[in-house]
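Produce the entire structure from the sequences given, and follow the hints as far as they go.
Counting along the sequence shown from 1, when you hit position 61 you're at 44 in my numbering, and nothing is skipped either side.
Once the Cα atoms are required to be at most 20 angstroms apart in a straight line, the calculated EDC-like pairs of lysine to aspartate or glutamate come out as:
1) LYS0 / ASP35
2) LYS0 / ASP29
3) LYS0 / ASP38
4) LYS43 / ASP29
5) LYS45 / GLU(-10)
6) LYS45 / ASP35
7) LYS45 / ASP(-15)
DEER-style ranges, computed between Cβ atoms:
8) GLY(-6) / ARG52: 27 to 37 angstroms
9) MET(-16) / ALA18: 23 to 33 angstroms
10) THR33 / THR(-13): 12 to 22 angstroms
These are calculated hints, taken from the structure and not from any lab test. Glycine included, every Cβ here is placed at the ideal spot set by N, Cα and C.
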Amino acid sequence: MDVTFSEQGTGRDWSAKVLHGGVHVGTIRPSRDLAFYRYFAGPANDIIYTMDEHDLSPLKAKITAAITRTRPQARTPAEAIYRFV
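Below is the structure:
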């Protein structure tokens, strides 16, 4: 299953849903000072981020690698979220 990113908004309102096989498994949001992009694992998590990067492309690559690495043991995309965290 592919990991895709659905981006919306701009500036502080920008975010990207992280989708694994079409299922929402996390969200990327900018930090308040817009210096970092942060990944929040889970569809409803907006408090604790699991990784961050100054640039969006390396963060997307890390997220994709982490999710696809956990996928062989996971039965559903939801299980991949919790194996990743």
